[in-house]
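The task is to assemble the complex, starting from two chains supplied on their own in separate frames and drawing on the hints.
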Amino acid sequence: MKLLNKINIRYLLFSLTLLILLGLAFNFVLFYIISEELDEKLLHIQKRVTAQIINENFIPVIKPYIEVVEVANMQEQVFFSDTIIENLQEKEGEEFRQLTSIKKINGKTYKIIVRESKLESDELFESIALIIFLAFIVLVLILFIVNSQIAKSVWLPFYNNLKLVKKFSLNDLSPLRLKPTNIKEFNELNNVIFSLTEKVISDYKSVKQFSENASHEIQTPLTIIRAKLESLINGNGLNIEQLEKVKSIYSSVHRLSKLNKSLLLLTKIENRQFSDVEKISISKVVKEKLSEFKELISLKNLQLETNLNEDILKVMSPLLADLLVNNLISNSINHNKEKGNIKINIKGRQLIISNSGDSPLSNPENIFERFYKENQTSKSVGLGLAIVKKICDTYNIKISYSFIENLNYFTLDF
Amino acid sequence: MKILIIEDELDLLQEIKGFLEKEGFVCETAQDYISADEKIWVYHYDIAIVDITLPGGSGLQLIEKLKQIHPDTGILIVSAKNSLDDKLTGLDIGADDYITKPFHLAELNSRIKSVLRRRKFDGAPEIVFNEVAIQPEDGSVKVNNTILGLTKKEYELLIFFIANKNRLLTKESIAEHLWGDNIDLADNFDFIYTHINNLRKKISGCGGNDYIQTFYGMGYKFTDT
Numbered sequence: 001m002k003l004l005n006k007i008n009i010r011y012l013l014f015s016l017t018l019l020i021l022l023g024l025a026f027n028f029v030l031f032y033i034i035s036e037e038l039d040e041k042l043l044h045i046q047k048r049v050t051a052q053i054i055n056e057n058f059i060p061v062i063k064p065y066i067e068v069v070e071v072a073n074m075q076e077q078v079f080f081s082d083t084i085i086e087n088l089q090e091k092e093g094e095e096f097r098q099l100t101s102i103k104k105i106n107g108k109t110y111k112i113i114v115r116e117s118k119l120e121s122d123e124l125f126e127s128i129a130l131i132i133f134l135a136f137i138v139l140v141l142i143l144f145i146v147n148s149q150i151a152k153s154v155w156l157p158f159y160n161n162l163k164l165v166k167k168f169s170l171n172d173l174s175p176l177r178l179k180p181t182n183i184k185e186f187n188e189l190n191n192v193i194f195s196l197t198e199k200v201i202s203d204y205k206s207v208k209q210f211s212e213n214a215s216h217e218i219q220t221p222l223t224i225i226r227a228k229l230e231s232l233i234n235g236n237g238l239n240i241e242q243l244e245k246v247k248s249i250y251s252s253v254h255r256l257s258k259l260n261k262s263l264l265l266l267t268k269i270e271n272r273q274f275s276d277v278e279k280i281s282i283s284k285v286v287k288e289k290l291s292e293f294k295e296l297i298s299l300k301n302l303q304l305e306t307n308l309n310e311d312i313l314k315v316m317s318p319l320l321a322d323l324l325v326n327n328l329i330s331n332s333i334n335h336n337k338e339k340g341n342i343k344i345n346i347k348g349r350q351l352i353i354s355n356s357g358d359s360p361l362s363n364p365e366n367i368f369e370r371f372y373k374e375n376q377t378s379k380s381v382g383l384g385l386a387i388v389k390k391i392c393d394t395y396n397i398k399i400s401y402s403f404i405e406n407l408n409y410f411t412l413d414f
Numbered sequence: 001m002k003i004l005i006i007e008d009e010l011d012l013l014q015e016i017k018g019f020l021e022k023e024g025f026v027c028e029t030a031q032d033y034i035s036a037d038e039k040i041w042v043y044h045y046d047i048a049i050v051d052i053t054l055p056g057g058s059g060l061q062l063i064e065k066l067k068q069i070h071p072d073t074g075i076l077i078v079s080a081k082n083s084l085d086d087k088l089t090g091l092d093i094g095a096d097d098y099i100t101k102p103f104h105l106a107e108l109n110s111r112i113k114s115v116l117r118r119r120k121f122d123g124a125p126e127i128v129f130n131e132v133a134i135q136p137e138d139g140s141v142k143v144n145n146t147i148l149g150l151t152k153k154e155y156e157l158l159i160f161f162i163a164n165k166n167r168l169l170t171k172e173s174i175a176e177h178l179w180g181d182n183i184d185l186a187d188n189f190d191f192i193y194t195h196i197n198n199l200r201k202k203i204s205g206c207g208g209n210d211y212i213q214t215f216y217g218m219g220y221k222f223t224d225t
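Chains A and B are the protein sequences, given in the same order.
Be aware that the first sequence starts at 1, since it is given in this note's numbering, and climbs by one per residue.
Be aware that the second sequence starts at 1, since it is given in this note's numbering, and climbs by one per residue.
Mixed in with the good hints, there may be bad ones.
As the list claims (entries may be wrong) - Pairs of lysine-lysine residues, derived as DSSO-like cross-links and limited to a Cα-Cα distance of at most 30 Å, are as follows:
| hint | chain 1 | residue 1 | chain 2 | residue 2 |
| --- | --- | --- | --- | --- |
| 1 | A | 6 | A | 163 |
| 2 | B | 152 | A | 247 |
| 3 | B | 87 | A | 314 |
| 4 | A | 289 | B | 171 |
| 5 | B | 152 | A | 343 |
| 6 | B | 67 | A | 289 |
Calculated directly from the structure, the hints in this document are not laboratory data.
So here's chain B without its partners, still in its complex pose (with noise of 0.2 Å):
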């Protein structure tokens, strides 16, 4: 899988592109709008990570043009700008997602896993980890071939640990995704601890193995090492 990030902060890219390689994605970046322009023309790309404010010009006007050259490759907008005007108009002119900073990498990868889910297996893969079975189409869980009833928040945290598998995910990330950031609750973070519990309960329950590894006071990590 072929990624190209836009962004003008270089710090900002290299961490996101480092992020990503590790999860085994090939990974390409421009730092202004002529060189994003550039590699558009030349290259096809199965993702392009778009920072909308670039030295030269809009990241809009790129989404514009990539979505004429290529329409099939998946568009997430990163913007500094909570501005629902350019997410309106981001979506509008065909992009998939879009993320605000400060965001966490975990939620990004899990945005463009999802962006590439719909786009690559038309919305409907399996998404397999060992036992564990996840059908995004209508949301049911298997394990061991027996279905999970999980609440809607267990499935959005399972989706979001096996997106990002083998990582320490911070509380705080987890709360973010499950709650989006408008949610105040910045001294309690029991009600994570609540979910994971009982999502580790119901995937024991049907004979599944406990991948979900606490890192006290930091958070948890989905792994089967």
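So here's chain A without its partners, still in its complex pose (with noise of 0.2 Å):
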């Protein structure tokens, strides 16, 4: 949930319980304060016909409002009380108070009722609570839209940075610079977030630094160990079993060579040494490559089939285009079967190449993952795919698996 949806959710929330808690307090004292105004309202009237009766003896009657009957001797008191009075005309009963007091005038005793009828201050009340409820609501309601305004260009600063963050990728190679704001906490995070991602690109810089450079050190004493054996092998000075341990020790300098020229490449492929690009048809690059694997193909009596009539032209490095196609019709053929299918077609934007195989991956989401072997027997180095990944994401080229009725189609979006 957003943050100021979050705030502005509570907000409301606060401000609703506030509205209903200050509401049923506000309802009772205005309903308190009516009352006692109207039972103020009975008495005064009241003391006005007692006033009358004294000193005009004249005994006033409206009913319902005002009623005096003589009655026979009582103790003198005063009490109110609510009373329902069928009115004539509309036959329904109406509510009303009403002040019943004994009062002894002139040695006689009277029962004096006054009566108010309550509709009308049950519509006093009710418009004066209504009159304050609207204004409590449109009070909350400019408050709620003040504050969203408020807060919205409060953190829009942090918005705009967050989008700068989200962006940021190791291979910029400079650390993120956020805008400044005038509030301390967000510069402060923007600081914190610029010294991280310094270190971060300074301690990267130095492990991909490391990497390269091992691997090129590497190189040198793999030439010297491989001259040396191939002088061993063609000396005369081994007997069979001892050949036989130095062709071992070389077929591994071999692996062990290849695995580091792979690697080496993973790693300019990833800082993007290979700038040199132009544009490059892919059908001519696939056609050149399987006219080189040719010969293989026809060995492992594969069965090719090319649909190559559409093109696909893509602005990026030759050697990298050359790579890409190379590690997939390779990877094609040996990962087929014998008498096994191999099906190259050009549609649209789509590269799709295809080959058979007899059962799906078992684990087909890591294929491209580094040393990734579907069989741990294969002496393959295991990284063909994992380059073909790394050019497809150095050029936005959308690469997919996947296993349809044996064949395995990798498919490329340009």
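Put into structure tokens, the structure is as follows:
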């Protein structure tokens, strides 16, 4: 959930609770005040009626508002009560507040009942409550909007910088310089991010430098070992058993040097050291590579089907284009079965290479990982497809693998 | 033929020197920039093998000097860095070829001979091995004056064999020579066997001798002894 939304929702919930509580309290107070007012009014009327009886000996009666009856001798008393009186015209009960008082005036005992309809006071209460409630809501809404706007403008630099952080890539090799703001906390965060990325990049650089240097340094001793082994093999001083051992050392050195070259290549692609680009015709590269692999394909009795009438033009390094196609085709030859198929199609912006296989891979999601081997006994280095993936990543080519009806498909979306 | 080998690793230097001397070249060596610089000024070489990273300076500078003093010397760059920039700069300033460590000595030998052919014989000497004659200019091969129809790979294979005659060539070095070092076919060298067999059949089909000896599990030797 977005921070702003979270704050807003909290704010709204809080305001709503407050509104309800305040509303209830207000309701109560208002109700109390209005009832008090009504009772005071009734008392006042009752006093005036009493005064009239005393002074003018006139007994006023306005039903149902004022009723005066002479009663038997009783204790003087005054009390309020609520009552419902039938309205003759509307045949409906109307709620009244009444003040009943027993008074002794001039030796006679009167029961004086003064009534006031509660309808009016109810209406008053309702309209006052409504006005106040509306005012509250408007206030809360205005506060909410103002708050959101303020929050938005305050958090704007944060979101802008967040966008920059999202775009951050180690390959840019420059630390993140975020836009300064006038908010202290954000500036602190920016500074922390700057020094963090600076550190990450320098570590990354030194690790890369190290692996590249190490690979380079390994090349010379490898050459020496290889040269010495070759001269051993060419000499006559070894018996069969020794020759077997030398042979095995020799092929291990061969593997090691291949591995090293492939790792160097991966590092270089990552470092984007292949910057010479030109417009490459993918179908031309495929045709060239197929003619190189011609003998190998016929040796393994593979059936080759191509459909290269369409062409894809892509601006990329010619060397990497060559490698990309090379590794994909050699992969489809190496991991094929006897008398299997290889199909290469170009359709629209897609290059699809498929080859026969017996069963789907157990871990297809790892197929582009370094040193991934489906078959652990295979002597292949396991970097061919990792290089393919790296090249695809460099040029934003989408590559996917799938296994459908005993065919391994590699689909490249240029 | 006189060759100057400039390489700072003594072990490798000696190995290259030993190899090339067996091939009949006269070799001189230099282990750093200054001694290489001196030798360039004093002597004249047919070929110089130059390592780019040297103590005391860059091999690229040496190549520039060499080009000024003896423009007819063939230059082969040896580098641990398989970097395209170095390669392009090297070839731009006049090097004839570029080879990356770790290389096979047989590969180095074949490159040296091809540079020599281009430089010393204007690119068109006939390569003759008994009854086999190769015209590098048009890539034609004759056995007993009959033209052989070789595929590109078979032709390259034959040139590689003759450049390294009387030497055991490992399957690995043949594979790398024919397909470059990017090919990852570690567990399948059958295809080399197929090529070699085809080459054998074609040569003997024209009445040529079978010069290719198989060393089981190791490789092949092209020899008439």
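**Study point:** Hints that the structure is at odds with (numbers, increasing)
**Key:** 6
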